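Enquirer: Chains A and B, in that order, are what the protein sequence lines are. In terms of our numbering, the first sequence opens at residue 1 and continues consecutively. In terms of our numbering, the second sequence opens at residue 1 and continues consecutively.
Possibly wrong hints are sitting among the right ones.
[As the list claims (entries may be wrong)] Chain A side only, calculated, beta carbon under 8 Å to chain B, not exhaustive: (1) 575; (2) 641; (3) 659.
What the hints contain is simulated information worked out from the structure, not anything from laboratory work. Just so it is clear, the structure is predicted and the values come from calculations on it, not from any experiment. The beta-carbon is built from N, C-alpha and C at its ideal position, and this holds for glycine as well.
Here are the chains, one letter per residue:
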Amino acid sequence: MRGDDRLTTGRGRYVADLRVAGCLEAAFVRSPVPHADLRGVDPTTAARMPGVALVLRADDLAGVGDVPTMFGAEDAPPWPPLARDRVRHEGEPVALVVADDRYRAEDAVATVALDLEPRPGRATPSAARQARDRGDEPLYPGHDDLALAKDFGPPVAEETWRRAHTVVDVKLRQQLLAPTSLEARAILVEPDGERLIVHCSHQFPHGLATGIAGAFGLDVGIVRVVVPDAGGAFGSKSPTYPEYLAVVAAARRLGRPVRWIEDRTEALTAASRGRGQDQRVRIAADADGRFLAIDLQVDADVGAHPLGAALPGQTGLAASEAYAVPEVHAAVRSWSTTTTPTFAYRGAGRPEAAYAVERAVDELAATLGADPVELRRRNLIRDFPYDTPTGRRYDSGDYAACLDRCVELLEPGRWRAEQARRRDEGGWPLGVGIACYVERSGGEPGILEEYGSVTADDGGFTARVGTSSTGQPHGTVFAALVADRLGVAAEDVVLVEGDTGEVPEGHGTFASRSAQMGGAALAEAADALIGTARERAAEVWAVAVDDVVWDKGTLRSGTSAMPAGELATETEPLRAEHRFTSPPAFPYGSYGAVVEVDPELGSVHLLRLVAVDDYGTVLDQTAVHGQTLGSIAQGLGQVLTESVVLDDEGAALLRDGLLDYLLPTAAEMPRDLRVDETAVPAPDNPLGAKGAGEAGCIGVPPAVVNAVADAIRSLPGADPTRLRMPLTPAVVWAALGGVG
Amino acid sequence: MKPAPFEYVVPTTLAEALDALATPGARVIAGGQSLLQDLGWRRTEASLLVDVADLDELAGVHDDVGSVRIGARVRHVDLERGAVAGPLGALLVATAGWIAHPPVRSRGTLVGSLCFAHPASEWCALAAGLGGSVELASTRGRRTVAVGDFLYGPHETAAAPDELATAVVLPRLPGGTRVGVVESRRTHAGYAHVAATAAVLPDGSARLGLAGAAPTGIRAHAAEAALARGEDPGAAAATVDADPREHPHAPIAYTRHVAGVLVRRVLARTEEAAA
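Let the sequences and hints guide you as you build the complete structure.
Expert: What follows is the structure, encoded as structure tokens:
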């Protein structure tokens, strides 16, 4: 049994499971169109419906501040929690109905009449750019539709392109994805006098407390955010969303608990999305296939509010990927569009970069007639630390060893022989693809710190940390980590996290930072507790500190012995804190895929998938393996099936929900899946740990697309540059030369 | 995704059920695997749900001369487990396995699928392809409608609001008939993009059904005729039988092409049912 088995056996306790006396349920009236003037919201009928306690519109929230952006633009336009006079994306919240149950709340929602005067939408970065070039009124008067533009690294010299032996120029698209955690967003707000207790499925409880306090002008100390069990997040549950502020406003106004549970339809239309980039990547190489320059141009769909306008910068920062390239430049432009805001989704900018560069590397290999593995090997970074032209300092690694292990498991020689046999004797085209990546874990300046504390009392040891599990087994891994430091049994350590009333500060769980940052903070706090306890015992026994030893939770000196808990009870509480700070870490990996393609239908069949990742030192193999498998599944989702398809105005074409937005299931996982790790410790981390949460999302898409490109490249009429994610059968058929 | 309020009755006789269905706004519920979702989305309405779960007349499979009558309560899983014998049963077994996933198959029904009339429904393709018929009953009387006439368009059928589909009647397939079903689909649990069902009779003639290739499940008459003439049935299916609509992940030309490929494939892959 592991502590987290509770979650996989249906015994989790989520926001929807909380029993709070007198709790009301909320439902939102949302915009049915992507872009319109909002001339009126008529709640008269709704307010009189049975069971309805409150209907809120923008006018009722006059005293509530704007929704805070998280990785936004400096020039942030206003963002009221309920749309005031204009709606800018489908599903934008317009009014809130609170009733004694969710059924009655939805009955009332159905009666709220909206007076909408449609405006033309701009669904894509190119539509936004065209509107701007035409001089159309911007989405927000007085604010540029180009929400953010930033360059990373010096521009590549024209001379470099001219003297290069070969230049490839590839245009790509990162489709919009729906993060789709099993549990969608969920919040329950309990007013307690002036205080607020906020139960929320959230990755960053301290951020949410700050966001709520800021919007309502409250002291952050009176807002307690508690995260119960949470059913996934994948990056999408770290902001202070407009819905949360509206629910807080309703609870405060009514003086009663109010809960909102987002349903799947809301999650697919109104919750933040991930990815969304138009990309152009150029690589210059010399005659030996050495990369001379990489230039990456990104036009990102930010959506209707610049919640994550700065996130595509992660793509720009990562443009070197795993290669020693003298000149690397990225230009990232974030465009306001009439779509649901784009925000972090597992990988958050790094999958986009790896896809762009790794697809271009394969096109370069094809142009040069080079073996894709050899071409990569020739250009890999070998010496660390390595400073990239875009401003990253890669900490450590053996990229070549990782690639070698991947090739060993992939067995490309065997598949190349089969490929040749099929070309001679007939059979479905077969392809081999490879991709390398380097990502960043831990976070960026500002969150490259984490809080941990360990307390001893007569009940045992309590560890507190500022991370916040959304399903990851922190309770198991961190308790074991602290127990190991203290030399006690894991069951003697209890982990407390995800509660701003219990943990004084924290930066939450995203950017694959929990083990790396939170684990290090706890390890250091546990070490500090031993020191504190020895000092205390030395005082009590009137001996030198050096004469006191910590022996598996018991302090000993000569013939004296006292368990730490007893020492705390007899003197004063024993507690040690640590605030861990460090530069980010850089996990990396190599992925390989073998596919065959049904040449008539265009469907892609995975014959083998190989993942070799380096997460530094692994704390818990089971947890890390689960992260690898889960991120591989989501990588397969992006490359093969998932896509939020929009109409020209920006509305999602997902009539049948998850029957249209196709998630991979266990049945879609490849049967021949080979997962391995190398483990070069992180030099800046006392545990040697790097992040392990996002690898498969980054490595799988380019490996699979490269494999499909390899399969079809030599077929008459086929054009691998027409491949787009997701690789639906229709897309592959078109790339095969199908007429459509 | 909560439905608007509705009443709910579980009549025990057909007469009671038909009386209840005569109420304006009444709807039939069988497995509820599609209806409840649509009610939750509030894109369909019902003031009264009439549950057929206790109607004995709608249970089971009945053999007649030359045909098999499958009652409206027969679930996908019953057919998957071989409720019908012979080549027809083998085709039903092969087809049922493609429908959704096991939890849905344990509640949803074949007749319910025909009434839901999803364009990509395998059962609609199979029933249309075999030239089956649907039995309808109301307080106004009974009638039988050929499946090809019953399926009007996406989610549209010939059944009047007060009519209950009590059974589907499928022709018995003679011994030695070869049957098969093939699909193109993007994930195991989603809808088919296109599905093709085939029964090749001992005389060499074929009964071909297509799902996802037109606004409803259809019989591929042109493909059958082409086969009889010794021509390419795939080309006929793609250019004549198929009448697809634009789909976010499948342009019309691609869907036509797939219909042709699948008709050729299903004919190549039919198997004789085990005796």
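Enquirer: Taking the earlier hints as the rules, which of them does this structure contradict?
Expert: 1
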